[in-house]
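Turn these sequences into a full structure, and let the hints steer you where they fit.
Single-letter residue listing:
Number of protein chains: 2
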Amino acid sequence: MADHTVTVESTLEALLVEKKYSTIRDILSTMNPADIASVFDGLEESRLPLLFRLLPKELAAETFVEMEPDAQELLIRGFSDSELREVLDELYVDDAVDIVEEMPANVVRRILSQADPDMRKDINEILRYPENSAGSIMTTEYVSLRPGMTVEEAILRIRRTGVDKETIYTCYVTKNRTLIGLVSVKDLLLAQDDDETVDKIMETNVISVHTHTDQEEVARMFSKYNFLALPVVDTENRMVGIVTFDDAMDVMEDEATEDMEIMGGMTPSDKTYLRSSTFDLFKHRIPWLMLLMVSATFTGLIITHFESALAAQVALTAFIPMLMDTGGNSGSQSSVTVIRSLSLGEIEFSDLPRVVWKEIRTAVLCGISLAAACFAKIMLVDRLMLGNEDVTCLVALVVCATMALTVLVAKVIGCVLPMLAKKVGFDPAVMASPFITTIVDALSLLIYFGIASVLLLN
Amino acid sequence: MADHTVTVESTLEALLVEKKYSTIRDILSTMNPADIASVFDGLEESRLPLLFRLLPKELAAETFVEMEPDAQELLIRGFSDSELREVLDELYVDDAVDIVEEMPANVVRRILSQADPDMRKDINEILRYPENSAGSIMTTEYVSLRPGMTVEEAILRIRRTGVDKETIYTCYVTKNRTLIGLVSVKDLLLAQDDDETVDKIMETNVISVHTHTDQEEVARMFSKYNFLALPVVDTENRMVGIVTFDDAMDVMEDEATEDMEIMGGMTPSDKTYLRSSTFDLFKHRIPWLMLLMVSATFTGLIITHFESALAAQVALTAFIPMLMDTGGNSGSQSSVTVIRSLSLGEIEFSDLPRVVWKEIRTAVLCGISLAAACFAKIMLVDRLMLGNEDVTCLVALVVCATMALTVLVAKVIGCVLPMLAKKVGFDPAVMASPFITTIVDALSLLIYFGIASVLLLN
Numbered sequence: 001m002a003d004h005t006v007t008v009e010s011t012l013e014a015l016l017v018e019k020k021y022s023t024i025r026d027i028l029s030t031m032n033p034a035d036i037a038s039v040f041d042g043l044e045e046s047r048l049p050l051l052f053r054l055l056p057k058e059l060a061a062e063t064f065v066e067m068e069p070d071a072q073e074l075l076i077r078g079f080s081d082s083e084l085r086e087v088l089d090e091l092y093v094d095d096a097v098d099i100v101e102e103m104p105a106n107v108v109r110r111i112l113s114q115a116d117p118d119m120r121k122d123i124n125e126i127l128r129y130p131e132n133s134a135g136s137i138m139t140t141e142y143v144s145l146r147p148g149m150t151v152e153e154a155i156l157r158i159r160r161t162g163v164d165k166e167t168i169y170t171c172y173v174t175k176n177r178t179l180i181g182l183v184s185v186k187d188l189l190l191a192q193d194d195d196e197t198v199d200k201i202m203e204t205n206v207i208s209v210h211t212h213t214d215q216e217e218v219a220r221m222f223s224k225y226n227f228l229a230l231p232v233v234d235t236e237n238r239m240v241g242i243v244t245f246d247d248a249m250d251v252m253e254d255e256a257t258e259d260m261e262i263m264g265g266m267t268p269s270d271k272t273y274l275r276s277s278t279f280d281l282f283k284h285r286i287p288w289l290m291l292l293m294v295s296a297t298f299t300g301l302i303i304t305h306f307e308s309a310l311a312a313q314v315a316l317t318a319f320i321p322m323l324m325d326t327g328g329n330s331g332s333q334s335s336v337t338v339i340r341s342l343s344l345g346e347i348e349f350s351d352l353p354r355v356v357w358k359e360i361r362t363a364v365l366c367g368i369s370l371a372a373a374c375f376a377k378i379m380l381v382d383r384l385m386l387g388n389e390d391v392t393c394l395v396a397l398v399v400c401a402t403m404a405l406t407v408l409v410a411k412v413i414g415c416v417l418p419m420l421a422k423k424v425g426f427d428p429a430v431m432a433s434p435f436i437t438t439i440v441d442a443l444s445l446l447i448y449f450g451i452a453s454v455l456l457l458n
Numbered sequence: 001m002a003d004h005t006v007t008v009e010s011t012l013e014a015l016l017v018e019k020k021y022s023t024i025r026d027i028l029s030t031m032n033p034a035d036i037a038s039v040f041d042g043l044e045e046s047r048l049p050l051l052f053r054l055l056p057k058e059l060a061a062e063t064f065v066e067m068e069p070d071a072q073e074l075l076i077r078g079f080s081d082s083e084l085r086e087v088l089d090e091l092y093v094d095d096a097v098d099i100v101e102e103m104p105a106n107v108v109r110r111i112l113s114q115a116d117p118d119m120r121k122d123i124n125e126i127l128r129y130p131e132n133s134a135g136s137i138m139t140t141e142y143v144s145l146r147p148g149m150t151v152e153e154a155i156l157r158i159r160r161t162g163v164d165k166e167t168i169y170t171c172y173v174t175k176n177r178t179l180i181g182l183v184s185v186k187d188l189l190l191a192q193d194d195d196e197t198v199d200k201i202m203e204t205n206v207i208s209v210h211t212h213t214d215q216e217e218v219a220r221m222f223s224k225y226n227f228l229a230l231p232v233v234d235t236e237n238r239m240v241g242i243v244t245f246d247d248a249m250d251v252m253e254d255e256a257t258e259d260m261e262i263m264g265g266m267t268p269s270d271k272t273y274l275r276s277s278t279f280d281l282f283k284h285r286i287p288w289l290m291l292l293m294v295s296a297t298f299t300g301l302i303i304t305h306f307e308s309a310l311a312a313q314v315a316l317t318a319f320i321p322m323l324m325d326t327g328g329n330s331g332s333q334s335s336v337t338v339i340r341s342l343s344l345g346e347i348e349f350s351d352l353p354r355v356v357w358k359e360i361r362t363a364v365l366c367g368i369s370l371a372a373a374c375f376a377k378i379m380l381v382d383r384l385m386l387g388n389e390d391v392t393c394l395v396a397l398v399v400c401a402t403m404a405l406t407v408l409v410a411k412v413i414g415c416v417l418p419m420l421a422k423k424v425g426f427d428p429a430v431m432a433s434p435f436i437t438t439i440v441d442a443l444s445l446l447i448y449f450g451i452a453s454v455l456l457l458n
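Line by line, the protein sequences give chains W and U.
Numbering follows UniProt numbering, in which position 310 of the first sequence is assigned residue number 310; successive positions increment by one, without gaps.
Numbering follows UniProt numbering, in which position 249 of the second sequence is assigned residue number 249; successive positions increment by one, without gaps.
FYI, nobody ran anything at the bench for these hints, they're computed from the structure.
Glycine residues also receive a C-beta, built at the ideal position from the N, C-alpha and C atoms.
Treat the hints with care, since some could be wrong.
Stated by the list, open to error - Using 30 Å as the maximum straight-line C-alpha spacing, the simulated DSSO-like pairs for lysine-lysine come out as follows:
no.	chain 1	residue 1	chain 2	residue 2
1	U	Lys422	W	Lys186
2	W	Lys165	U	Lys165
3	U	Lys224	W	Lys165
4	W	Lys283	U	Lys422
5	W	Lys186	U	Lys57
6	U	Lys186	W	Lys200
7	U	Lys200	W	Lys224
8	U	Lys20	W	Lys200
9	W	Lys186	W	Lys224
10	U	Lys224	W	Lys186
11	U	Lys57	W	Lys224
12	W	Lys186	U	Lys121
13	W	Lys423	U	Lys121
14	U	Lys200	W	Lys20
Claimed, not checked - Label pairs and their computed distance ranges (CB to CB):
no.	chain 1	residue 1	chain 2	residue 2	range
15	W	Ser80	U	Leu127	28 to 36 Å
16	W	Met385	U	Arg110	53 to 61 Å
17	U	Ser80	W	Asn176	28 to 36 Å
18	W	Asp116	U	Glu153	36 to 44 Å
19	U	Glu236	W	Arg110	33 to 41 Å
20	U	Trp357	W	Leu386	55 to 63 Å
21	W	Asn176	U	Asp234	47 to 55 Å
22	U	Asp234	W	Glu68	44 to 52 Å
Listed below in structure tokens is the structure:
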């Protein structure tokens, strides 16, 4: 992929120098818009306007959609009004909206002033919907049919109006703007009788989403039902647009990335890694680091509180990291599993008892095996091999008991916290490793010193 | 969603008791296969065969595909040969393969014996491809056109053969089985002249994948190019099948889940959480816990080695958890970001220098801010508020210096290890938080005691 892109870039650079513009146009015309965009993003900005003008009109618009916001802005600023209008005319409304959302106010004003009235109306309508709602990712360009149409009339209508619809393959049957059914081009083409009316062959139990439905829910419905497109209706069940599978795919990818970022203890960002400045990265990472560092004060306090105990049994200190890490790892295993299941809609709050019970049983299995292994390790490695006299059998016992108990506590917390977060309306992903670790650390120490003071220190 | 499902279940239960079968059939007929399947999965198994037989033939097959493997097996075992054949006849080959892959040998033999010869041949062919390859998720049912056909002939062919193709919307133009172009139904319907031949309107620079291409790469291409379907060719560039967008969506979802599981320190599982037994969970979680616990021995050794130092400066112990956690968190922030960017194809090994340089600059910003905050916190909280005399200004200095240095080391390791893993052919996700934490723990302690022994202990 990338290597291929690189070579094309160098070729273009060379051809530009030699002013072999028709050759460049021929090369670009054989390429896919997404590939052209990534080539352009690799070239130095000054070359963009010239190269872009070499593209055939339609390909130019398709490429424009695929480019990075900063490159798009550069081009728009360079466009004459007529050039801007040409590009806009070729865009689908939802793509136009995506671009508008990324542009500074003055560029937006210029785009809206050049867009034709219908598109301007649609753009403004879509912009009104809350971010991450179905309304905000839908397009208003779909094929609508009347129930009374015959198959032949329907196909004719598609052939007439289809050219600037984002998808023609699912057509929506509406009666004074209310969605009453859908029919696919496949149904129309495979219909036995061309005089059959649409309402005879249409699918009547239509699954639709509301303009305010969360985009994550929309994406889930796509992967559940394998739709090409999903109709979007308003509160009066009037059809206002469609979301197409490609937008759903982008949402799935973005939501997964967002979850991972949050799980990794970062505030999510919509810039790709290489395009985020050092300060962007800093902004997204420092808050959690600060919060977690400060909250680690508790673990410090606990240790200080048991300083005397530690002084009496120096051997205990050496096992603190292992106990804390094992606890943290056990907890994050549970939290990651639960968080992912929640966001895939596989479990919900009502499953809490089942989940907790599952985790408890798993924790017992893990705890016992770890404790056993740990005991063997301590006796063999620390005591025999390294001949550390302080590590008595009793110390090993304390460590292993703590280990088992910590794993249990960690796994329960790891599964409960995300589900509670979801219940009270937070993003469950916040309750992932970094957060769990901090809590489990403190608890594991308390357990450790608790057991120790019973078995060792009196 | 779920609530809705629940109510339907209870209704069905009631109607079953009253033997109101036609009513049940009416209810089910209005539902989407995916919803029927989730209702069925909620009912007790004994009711399945009866309910399933109530479904209209085609809906029955579509529902069967959506059900969980164990339910499918139960049904197949209950089917008569003719019933089994009826279901199989309605299945698409790739769905049939998915089912076959889940079934025990004797059930598989029965399925293959009942499938019609063509399907049996196709199933066996697809089964031969390596797991997670394009070949293993493709279907062999696509519409192929000859270059010489007119638009009218092409549409006619689609209407004749389309009924049992998984998608008719993208048709592939082949010349003695070699893929030479593609044409969409949209192109055909919107073509000005019905006597135009296919090779005149077809798209000739076709993007295709090889039967052995990894499914993750296939999914990436879908989200990049927004295809409905992607043609799969063999080593001789002969067309053997297509992958459709819905399969790509499933792959995207599975791959994201797999990455998260691995990042969470688990071996990935393809069972959903609620369907995995306690032992399944145990099997997938214990290996990492064991490995990480044992590797935590090093941290233990380091502490033991500096025991005397700690005894001399008890205050130092209290800051160990905070230092280790902050290091771990900084590291996992970088690793998560890099791992995700790698699997989205946003960065690759050649970007290593840029990435490292980015992380270093970010680490310096984070490190300095954390160190400053930490110093203030120690002096205010630990020294003034808690009046801990051992916490001298010098101790605070040691802690903060360690903090800054640890963050730097952690972030560099966090970005380098995943990229190296990818380079040598491991899954980068393995190099996530749990693994990084263990390494960073040891290093942070070494840094801590290193600085301490210079500034404090002599």
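Hint check results:
Distance check on the hinted pair: Lys422 of chain U and Lys186 of chain W sit about 43 Å apart at the alpha-carbon level, beyond 30 Å; violated. Distance check on the hinted pair: Lys165 of chain W and Lys165 of chain U sit about 24 Å apart at the alpha-carbon level, within 30 Å; holds. Taking the CA atoms of Lys224 of chain U and Lys165 of chain W, the gap is about 20 Å. The hint holds against a cut of 30 Å. This hinted pair checks out: Lys283 of chain W and Lys422 of chain U have alpha carbons roughly 28 Å apart, not beyond 30 Å.
Note on Lys186 of chain W and Lys57 of chain U: the hinted pairing holds, with a Cα-Cα distance of about 20 Å set against a maximum of 30 Å. This hinted pair checks out: Lys186 of chain U and Lys200 of chain W have alpha carbons roughly 24 Å apart, not beyond 30 Å. As the CA atoms of Lys200 of chain U and Lys224 of chain W are separated by approximately 38 Å, the hinted pair breaks the 30 Å bound. Taken as a hint, the Lys20 of chain U and Lys200 of chain W pair is honoured in the structure, with Cα atoms around 27 Å apart against an allowance of 30 Å.
For a cut-off of 30 Å, the pair hint linking Lys186 of chain W to Lys224 of chain W stands: about 21 Å separates their Cα positions. For the suggested pair Lys224 of chain U and Lys186 of chain W, the alpha carbons sit about 26 Å apart, so the restraint of at most 30 Å is met. This hinted pair checks out: Lys57 of chain U and Lys224 of chain W have alpha carbons roughly 21 Å apart, not beyond 30 Å. For a cut-off of 30 Å, the pair hint linking Lys186 of chain W to Lys121 of chain U stands: about 27 Å separates their Cα positions.
Between Lys423 of chain W and Lys121 of chain U the alpha-carbon distance is near 50 Å, which puts this suggested pair outside the 30 Å criterion. The suggested pairing of Lys200 of chain U with Lys20 of chain W holds, with an alpha-carbon distance near 27 Å, which does not exceed 30 Å. Evaluation of the 28 to 36 Å hint for Ser80 of chain W and Leu127 of chain U yields a failure: the beta carbon distance comes to about 58 Å. Our hint of 53 to 61 Å for Met385 of chain W and Arg110 of chain U holds, since their Cβ atoms are close to 57 Å apart.
For the pair Ser80 of chain U and Asn176 of chain W, the supplied restraint of 28 to 36 Å is violated, since their beta-carbon distance comes to about 50 Å. Taking the beta carbon of each, Asp116 of chain W and Glu153 of chain U are about 38 Å apart, inside 36 to 44 Å as hinted. Checked against the given bound of 33 to 41 Å, the beta carbons of Glu236 of chain U and Arg110 of chain W, roughly 53 Å apart, lie outside it. At roughly 41 Å, the beta carbons of Trp357 of chain U and Leu386 of chain W sit outside the given window of 55 to 63 Å.
Our hint of 47 to 55 Å for Asn176 of chain W and Asp234 of chain U holds, since their Cβ atoms are close to 53 Å apart. The given range of 44 to 52 Å is broken by Asp234 of chain U and Glu68 of chain W, whose C-beta atoms sit roughly 36 Å from each other.
Hints 1, 7, 13, 15, 17, 19, 20, 22 from the list above are not met by this structure, while the remaining hints are.
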